[in-house]
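**Q** Protein chains in written order, with our numbering: chain A, 9 to 248; chain B, 9 to 248.
Honestly, the hints are just simulated from the structure, not real lab data.
Treat the hints with care, as some may be off.
Since the list can't tell identical chains apart, any single copy or any two copies may satisfy a pair.
[Stated by the list, open to error] Quick list of in silico lysine-lysine cross-link-like pairs, BS3-like style, CA-CA up to 25 angstroms:
1) K92 with K125
2) K245 with K125
3) K99 with K178
4) K25 with K202
5) K99 with K125
6) K25 with K245
7) K92 with K178
8) K99 with K25
9) K125 with K25
10) K245 with K99
11) K202 with K125
12) K202 with K64
Protein chains: 2
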Amino acid sequence: MSTAAALIIGDEILSGKIRDQNTHTLAQLLFEQGVDLMRVVVIPDDIPTIVDELRKLSSQYTYVFTSGGIGPTHDDKTYEAVSKAFERPLKLHEQALSRLVENMQNYPDRTLTEARKRMALLPTPCEIIWTPGLWVPLVVVGNVFVLPGIPAYFTSMLEAARSHLVGTPKHRIQIYTHMSEGDIAEGLDATQTKYADVAIGSYPRVNDGSYMVMVSIEGRDRVQVQQAAEEIERATKGYR
Amino acid sequence: MSTAAALIIGDEILSGKIRDQNTHTLAQLLFEQGVDLMRVVVIPDDIPTIVDELRKLSSQYTYVFTSGGIGPTHDDKTYEAVSKAFERPLKLHEQALSRLVENMQNYPDRTLTEARKRMALLPTPCEIIWTPGLWVPLVVVGNVFVLPGIPAYFTSMLEAARSHLVGTPKHRIQIYTHMSEGDIAEGLDATQTKYADVAIGSYPRVNDGSYMVMVSIEGRDRVQVQQAAEEIERATKGYR
């Protein structure tokens, strides 16, 4: 079974300035790939904290995804932390630099500042996944995929990495019911006990008349998921 | 300095079915209270994992907030995990039960099922913060605040807890500039070095013409924040 963890690096999320969007994007793509996302950790822009989490997560999960901290400013510390965590010195990456310089030709007023050059100073050795239409490298060190915090870039670069992420897809059926959680709980519990390899989740909706509860049935065995779903559909007078 | 951590309990977030909204709500309220949110962890509905994280976070931060898992169904495991983590046996809480029963009078077709009663089986002893207009208890065990996953309830119950959360407020100034990160990085770095107690963050905007970068200046010393902001405003030709 392939598992994954996400490390969201960002003072801006912890201090409430910016709402993290990348966790949801990652969770959806990993579900599609059949990789189980097991943990998400949000931490500040602090190198010792990042190093510590990178090492822990990298040793425990099949894939680790970081978000944030790869820009040109002083608060971008992720490459340095990856470098320290896995003892891969920061070196100027020629191909990344030449793509950066090429990209700069779209902005005639920009010059190759030392700050911009930092974005091509990568933990070495590393693999790189290139995203069509973007100069920015997706750096891969071992099982760690280093992604940017900007949601549009995160999304397209993660899409470029999709084929590298191999899991066993799950089947999911969602049942909607007008009954309340307190009235369907006993039935759900009985079905859950019967189908131990299927994950049954119950999610009440508040302030919306269209349904009371959404019940999700997930698992890798299609037949079991279908059987459990049919049982729940009957017991909750639900619909799909 | 008061610090905090959040423990978001939910298979539904990790599998991409539901987008977490509570982290952002919590981050904003804690910033207003002057409490530093240092870590957010998202984990599955798994009791040993919840117990382990509860103990770790509770020992490391001033306040811990959990989100999710306090409903009546089999996948609601947070009270049981809190009970195990802090050796507080689950007992029927008379006041919570009577409020639950009173609330049920609004729904004449509902009966007091064993499942519903579970929502009044609380880690004991505990403190409770009651939210105006809601029967649901906000259970507090030591420094752990147990909140529901449903965003509307999370928000109003957290608001009810606000006066219990005591910190030292920060000052924040945000500067917007039409210059790009690569061109302002050197100046920001110099200002950051000069004002070590101020946190300067740089957040590029993509696909929006209104500005290129938002620079945030935060700290507990108002004068330092103002001085650093003025320096950055000049260096980036920025505006507030």
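**Q** All the hints need checking, so say for each whether the structure fits it.
**A** Hints, one by one, checked against the model:
no., hint, in the structure
1, K92 with K125, "within (19 angstroms within a copy, 51 angstroms between copies)"
2, K245 with K125, "between (61 angstroms within a copy, 23 angstroms between copies)"
3, K99 with K178, "neither (41 angstroms within a copy, 38 angstroms between copies)"
4, K25 with K202, "between (45 angstroms within a copy, 24 angstroms between copies)"
5, K99 with K125, "within (11 angstroms within a copy, 61 angstroms between copies)"
6, K25 with K245, "between (43 angstroms within a copy, 22 angstroms between copies)"
7, K92 with K178, "neither (36 angstroms within a copy, 31 angstroms between copies)"
8, K99 with K25, "neither (33 angstroms within a copy, 40 angstroms between copies)"
9, K125 with K25, "neither (28 angstroms within a copy, 39 angstroms between copies)"
10, K245 with K99, "neither (62 angstroms within a copy, 33 angstroms between copies)"
11, K202 with K125, "between (58 angstroms within a copy, 23 angstroms between copies)"
12, K202 with K64, "neither (35 angstroms within a copy, 34 angstroms between copies)"
In the structure shown, a violation is registered for the earlier hints numbered 3, 7, 8, 9, 10 and 12, in ascending order.
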